[in-house]
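Residue numbers (full-length UniProt numbering), protein chains in the order written: chain A, 1 to 391; chain B, 1 to 407; chain C, 1 to 342.
Cross-link-like lysine-lysine pairs, in silico, DSS-like; alpha carbons within 30 Å at most:
| hint | chain 1 | residue 1 | chain 2 | residue 2 |
| --- | --- | --- | --- | --- |
| 1 | B | LYS222 | C | LYS115 |
| 2 | B | LYS393 | C | LYS115 |
| 3 | C | LYS115 | B | LYS216 |
| 4 | B | LYS222 | B | LYS393 |
Hints are computed from structural coordinates only; laboratory data are not their basis.
Here is how the chains run, residue by residue.
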Amino acid sequence: MMSAKTVQPSAPLRWTIGLFLATWCLIAAFPLFWIAVMSFKLPVDAFSANPLTVIFGPQTRAAGQGLSLLDLALGLATLAALYVVAAKKLGGWVERVAGETWLPLGWVVGGLLYGAVAAGVLVVLLPAVAGGLEAVVRPIPLVGLLAEPAIGLTLEHYANIWFEQEFYRNFINSLVVTAGVVTISLTVGTLAGYALARTRSSLAFWLLISALIFRALPHSVLVSGYLPPFINSAEILEPFLGDAAPTLYGQPWAVILVLVAINQPFTIWMLRSFFANIPAELDEAARVDGCTHFGAFRRVIMPVMWPGVITTGLFSFLLAYNDFLVTSLLLDAQNQTMVPAIASFFNRETTTTDQVRAVAAAVSITAPLFLLVIVFQRQIVSGLTAGAVKG
Amino acid sequence: MKTSHLALAAALSLAAGPALAQGECAFTTDMEIKHLSAAFPAWVAVTDAMKECAPNLVVELDQEFRQKQPTAFAAEPSLYHIGGVANGTLTPLLNDGTIRPLDAYVEQYGQDLSPNQLIRIDGRIMAIAMMVNTQHLMYRTDIFEELGLEVPTTYAEVLEAAEAIRAAGVVEYPIGATMASGWDLAQDFVNMYAGFGGEFFDESGMTLIDSEAGVKALETMKALTEYMDPEFLVSNSTYVQQQFQQGKIAMANLWATRASAMDDAAESQVVGKVGMAPAPLAEAGARPATTIWWDGIVIAANVPDEEAEAAFRLAMEGLSPRTVAEHNDDAVWLVPGYEPGPMATGAIETAMMGPVAYPSSVEMGLLHTAIGNNIADFLTGQESAEQSLADAKDAYTAAAREAGVLQ
Amino acid sequence: MRPRTFFAFVGPSLVLMILFIAIPLVSVFLQSFWQTQTVFERVEIENCTPGFPAPNCTTQTVTRPLLDESGRTVTETIYVGLDAYRAVVQPEAVAAAFAAGEDFWSRLSNIDFWKALRFTLTFTLITLPLVVGLGLAIALAVNAALRSLRGPIIFVSLLPFIVTPVIGALSIRWLFIGDGILTNALEAMTGTQIFMFAQGWTIEILMLTYRVWHVAPFAFVVFYAGLQTVNQDTLESAVIDGASRFERLRYVVIPHLMPLIVFVSLIHLMDAYRVFEEVIGFSSQAHRISLQFLTYDFLMPDDSGNRSISRASASSMLTMIGIVILLVPLLMRTWRDYKPRG
Chain A
1 MMSAKTVQPS APLRWTIGLF LATWCLIAAF PLFWIAVMSF KLPVDAFSAN
51 PLTVIFGPQT RAAGQGLSLL DLALGLATLA ALYVVAAKKL GGWVERVAGE
101 TWLPLGWVVG GLLYGAVAAG VLVVLLPAVA GGLEAVVRPI PLVGLLAEPA
151 IGLTLEHYAN IWFEQEFYRN FINSLVVTAG VVTISLTVGT LAGYALARTR
201 SSLAFWLLIS ALIFRALPHS VLVSGYLPPF INSAEILEPF LGDAAPTLYG
251 QPWAVILVLV AINQPFTIWM LRSFFANIPA ELDEAARVDG CTHFGAFRRV
301 IMPVMWPGVI TTGLFSFLLA YNDFLVTSLL LDAQNQTMVP AIASFFNRET
351 TTTDQVRAVA AAVSITAPLF LLVIVFQRQI VSGLTAGAVK G
Chain B
1 MKTSHLALAA ALSLAAGPAL AQGECAFTTD MEIKHLSAAF PAWVAVTDAM
51 KECAPNLVVE LDQEFRQKQP TAFAAEPSLY HIGGVANGTL TPLLNDGTIR
101 PLDAYVEQYG QDLSPNQLIR IDGRIMAIAM MVNTQHLMYR TDIFEELGLE
151 VPTTYAEVLE AAEAIRAAGV VEYPIGATMA SGWDLAQDFV NMYAGFGGEF
201 FDESGMTLID SEAGVKALET MKALTEYMDP EFLVSNSTYV QQQFQQGKIA
251 MANLWATRAS AMDDAAESQV VGKVGMAPAP LAEAGARPAT TIWWDGIVIA
301 ANVPDEEAEA AFRLAMEGLS PRTVAEHNDD AVWLVPGYEP GPMATGAIET
351 AMMGPVAYPS SVEMGLLHTA IGNNIADFLT GQESAEQSLA DAKDAYTAAA
401 REAGVLQ
Chain C
1 MRPRTFFAFV GPSLVLMILF IAIPLVSVFL QSFWQTQTVF ERVEIENCTP
51 GFPAPNCTTQ TVTRPLLDES GRTVTETIYV GLDAYRAVVQ PEAVAAAFAA
101 GEDFWSRLSN IDFWKALRFT LTFTLITLPL VVGLGLAIAL AVNAALRSLR
151 GPIIFVSLLP FIVTPVIGAL SIRWLFIGDG ILTNALEAMT GTQIFMFAQG
201 WTIEILMLTY RVWHVAPFAF VVFYAGLQTV NQDTLESAVI DGASRFERLR
251 YVVIPHLMPL IVFVSLIHLM DAYRVFEEVI GFSSQAHRIS LQFLTYDFLM
301 PDDSGNRSIS RASASSMLTM IGIVILLVPL LMRTWRDYKP RG
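The following block holds chain A by itself, in its conformation from the complex:
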């Protein structure tokens, strides 16, 4: 306790720190906040030069769609509650229900369930409750003003994107690709990272160095080289596989493999440093007890490796989920993931309405990322603490 007190900053320093953090948070969140606001307005409001018009959306309100102060208060309270539950409670629930061995699966299921519940609360429950309250409040003088629309807001862009333009298909494709990349990347990477951490040969060193150089390669060079072999793969592979030779172009699993490969250098470096921090005596003891290397890995290492694996997994997730170059070039329209789909909304001969719709799509794809960070932020920090700290 004494230590905490002695390093307690002085008052002016505390104020400086507070101000600095507040400024940083504003800078960090503002651009995203702004596109979120734009996505809820009619195009005339969204692209207005006057910031107040963009925020309050007079045209949108005039079109009969708006939020009252009451809605606003309820909405903010709900968002705060959802954040607190996700950040503080979800972790405990998942650990209790899933237990040690099933933890990763528990996280996936828990995250998806929570996402679904949160979406349900925001889209179904909240409007119903707010509508009911408004109906009750409206007849009361003065207080009734709280129920009058104050800020223009429309959900039509979201409705259009998700249902008419069938964006949910892209969402499912993204889920498939991302899940595939994270699973395979971690499985393959954990094995390699473990071996590299337990070997001192110069072969291992050169492998790590080449991985580092691989990571530095400009992606556009690699990626454009993939297209011809991917399209002609049926012809190329026919001598080996006969009629079963597949056309790789447009296949999600082929793209998953490419993304896993591109992601391997970073993954094995991260995981190597995690494993280097797990004392080698642990698995040596297991080997003395008659386990093979793989047995030792499974019995001794696997139970303690989850913090590092989850953190690395998050980076794989981000790479797969956010990838544009590989997915846009190698997937056809049926299997398109969300990011290239949005880019094509922007690129096609657009109208301003299309652009606002694309913004709505862009905001929708950030939502799962939000959830991810809220749920996992403690794991990110503790995972990094356990690994990279000692290099």
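Chain A is fixed; fit chains B and C onto it per the hints.
For chains B and C alone, kept in the frame of chain A given last:
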């Protein structure tokens, strides 16, 4: 009683809907046919019409289709049956021999086609055009009327009108232009250069843009930029369209496909105030400073004959007068039955004045890129016109040597 | 670990990397020395295109590829040595610029490769200290903040890092382009007309800002994790010895974080050197291009389907050489760290 009638009628029409749609098709197929093209509204209309006649049609609309189209058509078998192309993107397919001649199909199934739709290369029909596109003048009728200005017919008059508008202080930037560096900027130069009567290549394939016409074209462009938003090097078609819709500019030489957006009440603040006129002449007595483009379909060579035939007949369903009747204002259609609306007059008048068709060829592709990467330096004032044209020529020469076009 | 076991563990990872990274890399290397050209012929043909009122038919001489009996284009591959590299680097033009003396820089920056190299290097070297510094500052500040506030602050701070890069760049672009609200705010503050996208240096500032905004959170979270393991006993004895706050930072905290600073710098150098999204996101190609953009531009087919494969390969090999040179000091360090244990 009345409501139940209505409900009944609705239910009936729902039940009859798909059947009726199928009924309108002169040809239907269950084969799996695949289509790849750009994604603008005319393609959406055409592919939607094709889908009604072929439940197993797979449609891929991708604005960056030119990246994969040549490779995809060269595969054995081709990954797509039908390809959407423009005069530029036809070239690589033609050169690789991956599309088939359509003469026999046209003779058998092309009763509805007008001669204008048949793209003949070396005597054989290689593509079926569906629409034309060109850049022409759009202007704010209210501003021009208020200031008593004539609609400009040459670029000298455009500059005069711009000066008058700026002097009157109606809008901050009288002129808008699609000068985003890269493809758009090069296209703007190609328009202007063609307008000044410039030839692009000599007999040996060497470029001639470092000529008097080239310098004149660049200088006209530079003079126009004086009246533009200084951020013109990032303004693409959508940006210019938005500037128009928000009432920030008074005129622009813009793509015909953008015209209908000016009257879209949901996003435009200038509904009914934008007039359409032909593209201005580069100088009095010269040609209009624009090029004519067409969009259309091709059929892959590397697919079984019966599939190719089905694909062609399906494409004819897409390009039928029925599609045009339903989507009349989505494009300047070449398909019979098209009724030009008021927003299409500018494009049609431009076309009647006989501007050059965009001269698509292997060399032109290389030159277009070279121009787009080099003339911005002149417009930003870093280089003389002659220097930036010389740079573009050098870039073209290097690329053409590497491609083997020039020896 | 026996080599066989080692390979069993590393195998799957190795196979994937060889298949999708090493093999393409080798082919890029080869393509920078060999050139595959299509054999062309010039023929006179008649073409008809839509015209009003009647189709427009012209006879012209066109260049078209020679097709063999099976209908495939005839190509020939020739060894060109360093020609592709010369075409990219343009040594004669550099020599001429040198000879010209005075306007050496403006002449040099007229050559795409050197222009791109200049931008890429400044971009990398300016963002590096900013990212490390800002990341460290946020980490220290968050570590000193109230415990109950840390969670939400970490959440907000991570947003720029996790958001899809294309979308992050677009959202910043909208704030500044044309009459974007931040440009308007700046104009109101300074009382002058501001056009962020009209000249090179303002775009360059936007690109730098975007990159720092996007990557600083990564540096922050790594440093913050590191701060959790600072030895409290050492800190306390430093306090007892009367070390000031700054001295504690300088002599205890920073040395502890040093491996992390190296790690973050390493990652950032690699990522910044292949800067690319910013060029697309801010459409800066008229003013500023990067090395990866140069390669990308060579590779993208034009309307007629041409790509400059050899020059693209040469330019990407040069990019790779550049990155290896930049990484050498850090690689040496890794080697030193690695060896003693080995």
